[in-house]
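Trainee: Produce the complete structure using the sequences and hints provided.
As they're listed, the protein sequences go chains F and P.
For the first sequence, position 194 (counting from the first letter as 1) is numbered 194 according to full-length UniProt numbering, and the numbering increases by one without interruption.
For the second sequence, position 146 (counting from the first letter as 1) is numbered 146 according to full-length UniProt numbering, and the numbering increases by one without interruption.
Rather than coming from a laboratory, the hints here were simulated on the basis of the structure.
Everything numeric in this text was worked out from a predicted model, so none of it was measured.
For each residue, glycine too, the CB sits at the ideal point set by N, CA and C.
Some hints here could point you the wrong way.
[Unchecked claim] Per label pair, the in silico range of CB-to-CB distance:
no.: 1; chain 1: P; residue 1: G147; chain 2: F; residue 2: V89; range: 49 to 57 Å
no.: 2; chain 1: P; residue 1: S149; chain 2: F; residue 2: D263; range: 35 to 43 Å
no.: 3; chain 1: P; residue 1: T210; chain 2: F; residue 2: K79; range: 41 to 49 Å
no.: 4; chain 1: P; residue 1: I230; chain 2: F; residue 2: D263; range: 23 to 31 Å
no.: 5; chain 1: P; residue 1: E44; chain 2: F; residue 2: A146; range: 56 to 64 Å
no.: 6; chain 1: F; residue 1: V89; chain 2: P; residue 2: T210; range: 51 to 59 Å
no.: 7; chain 1: F; residue 1: N277; chain 2: P; residue 2: S149; range: 28 to 36 Å
no.: 8; chain 1: P; residue 1: S45; chain 2: F; residue 2: R114; range: 20 to 28 Å
no.: 9; chain 1: P; residue 1: D98; chain 2: F; residue 2: R114; range: 20 to 28 Å
no.: 10; chain 1: P; residue 1: V204; chain 2: F; residue 2: R261; range: 39 to 47 Å
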Amino acid sequence: MTSQSTDIVFIDSTTSRECHLFEFTSKLRTIMKVNQDLPHDSVNLTVRSVKSCTCSNHDNGDSDRTTNAPRKYSVLDEKALREDDTKLVRDQRVQTMSRSYEIILESIGEDPTRQGLLKTPKRAAEALVFFTKGYEQSIREIVSDAIFDEDCENMVVVKEIDMYSLCEHHMVPFFGKVSVGYLPNKRVLGLSKIARIVEVFSRRLQVQERLTRQIAEAIAEAIKPRGVAVIVECLHMCMIMRGAQKVNSRTTTSAMLGVFREDPKSREEFLSLGRINPF
Amino acid sequence: MAHLSESSNNDDINMNNLHIEDKKNDVRRSSVLDEGTLRENESESKHEQRLDALKNAYGIMLNSVGEDAMRQGLLKTPERAAKAMLFFTKGYEQSVRDVVSDAIFDEECDNMVVVKDIDIYSLCEHHLIPFFGKVSVGYLPNKRVIGLSKIARIVEIFSRRLQVQERLTQQIAQAIEEAVQPLGVGVIVECVHMCMVMRGAEKVNSRTTTSAMLGNFRHNAKTREEFLIIGRNSSF
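Mentor: Here you go:
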């Protein structure tokens with residue numbers, strides 16, 4: 001690509017056919033879009049090459065991050081995989097999935113023409129599209145109009161948000177509760193937007209660790225608080241209904257950013273306020 | 001089928017009349033004990049064929065969802081999902097007669113036997129989404145008892161299929177009745193349906209309860225009441 005005297009971080013999204021050039025200067029940031037065909041090697045945005053990066057003057061609220069680290073991909077601006085779907089494309093998806101479900105019904109030995117199963121492929125396909133509707137929305141459009149200036153300096157905790165997701169390894173549901181806490185830095189986020197962020201990330205093929213991290217990073221990027229903490233506690237059907245078949249076992253993951261990572265007392269306060277009760 | 005030639009309770013005066021009426025109204029049901037299974041005694045190669053077909057179907061599904069089926073986390077997902085689906089429908093591979101045949105014993109017991117809080121996991125046949133919960137099974141033996149774990153196995157066979165909760169309940173009751181010919185059978189199934197919780201109506205706390213009362217449990221209110229109290233499932 002071009003080489004400029006200012007620092008350039010080249011980030012490409014391998015799921016979209018554009019690359020974004022972010023040019024950081026001390027005063028302004030410009031974004032130039034260049035259309036290019038790129039090989040697909042992963043869904044997530046990856047940093048392809050870094051010349052050097054000075055982010056010290058960047059208005060990123062996490063001042064405790066090392067300033068020489070390469071600029072990570074933005075969860076807020078990550079392109080949703082199905083964002084550009086038209087109705088026609090969506091219908092085609094449902095049709096392809098219906099056909100797959102029909103094959104599944106035949107392969108397990110059932111009779112797809114019996115009354116109870118006649119419309120099952122279509123219903124199951126619609127259900128799967130619903131369970132992956134998180135791919136249709138981008139975070140920025142959800143949160144951008146619900147960020148408010150507020151002189152709140154105490155912890156805000158939204159706890160026990162019900163969450164339902166699909167395990168990406170077996171395509172079997174896992175579900176549970178999420179507790180989110182943050183320490184505002186003059187800006188607060190609409191409370192239901194926190195629940196919506198959880199929805200967008202959970203209605204996808206997920207791994208619980210990644211889900212937790214994404215929720216925390218989205219909130220961190222949206223309002224740049226002093227710290228964000230997320231706990232997710234789930235039951236995994238892939239572990240209960242099959243495999244190890246451990247009925248009472250739950251998996252808990254957490255993500256602590258900013259003050260919650262540095263300061264044990266803040267972390268402790270969050271863990272007691274946001275405690276997930278048995279469900 | 002031995003439909004209540006004796007009553008264990010003296011309160012019912014018109015038992016005989018009830019029997020005749022009931023027999024007229026009984027729908028002629030096929031035997032579940034000898035019901036042919038869809039996947040019984042299959043060869044390795046047939047099993048492999050099924051796996052391959054499922055793998056392909058899941059691979060296509062991953063792409064239709066919009067995901068990148070080549071990324072690290074999803075590479076082996078079609079295979080895992082295929083094996084999981086075959087496991088969730090393994091009830092098609094076994095017949096009830098094979099499971100219970102050697103565990104029926106002569107016993108002088110004429111009091112109610114209840115096995116409760118049996119965990120069940122099944123797949124809703126309308127959406128292919130799990131539903132799960134607990135089952136309580138009770139029966140009044142008529143000189144023959146069935147091995148207790150066989151009751152749980154019967155539940156497993158019928159639940160590991162594409163099911164409708166009503167049919168599942170009926171099949172469990174019928175299987176016990178045919179196997180042991182007791183004075184009566186009662187089955188209660190209480191489940192949470194993910195197809196209702198995760199999508200659709202999205203009612204998180206709702207449960208569905210179905211029951212099947214055969215023989216004494218149907219005609220005798222006191223017996224039924226006793227079963228409902230003893231066999232009450234714990235909340236989950």
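Trainee: Now tell me, hint by hint, if it's right for this structure.
Mentor: Hints and how they fare:
1. G147(P) with V89(F): 49 to 57 Å: Between G147(P) and V89(F), where Cβ atoms are some 55 Å apart, the hint holds.
2. S149(P) with D263(F): 35 to 43 Å: 53 Å, violated
3. T210(P) with K79(F): 41 to 49 Å: Given about 46 Å between the Cβ atoms, the range holds.
4. I230(P) with D263(F): 23 to 31 Å: The hint (23 to 31 Å, Cβ to Cβ) is violated, given that I230(P) and D263(F) are roughly 54 Å apart.
5. E44(P) with A146(F): 56 to 64 Å: This hint holds: roughly 57 Å between Cβ atoms.
6. V89(F) with T210(P): 51 to 59 Å: 40 Å, violated
7. N277(F) with S149(P): 28 to 36 Å: Holds, at about 34 Å.
8. S45(P) with R114(F): 20 to 28 Å: 26 Å, holds
9. D98(P) with R114(F): 20 to 28 Å: 24 Å, holds
10. V204(P) with R261(F): 39 to 47 Å: With a Cβ separation near 32 Å, V204(P) and R261(F) fall outside 39 to 47 Å, so the hint is violated.
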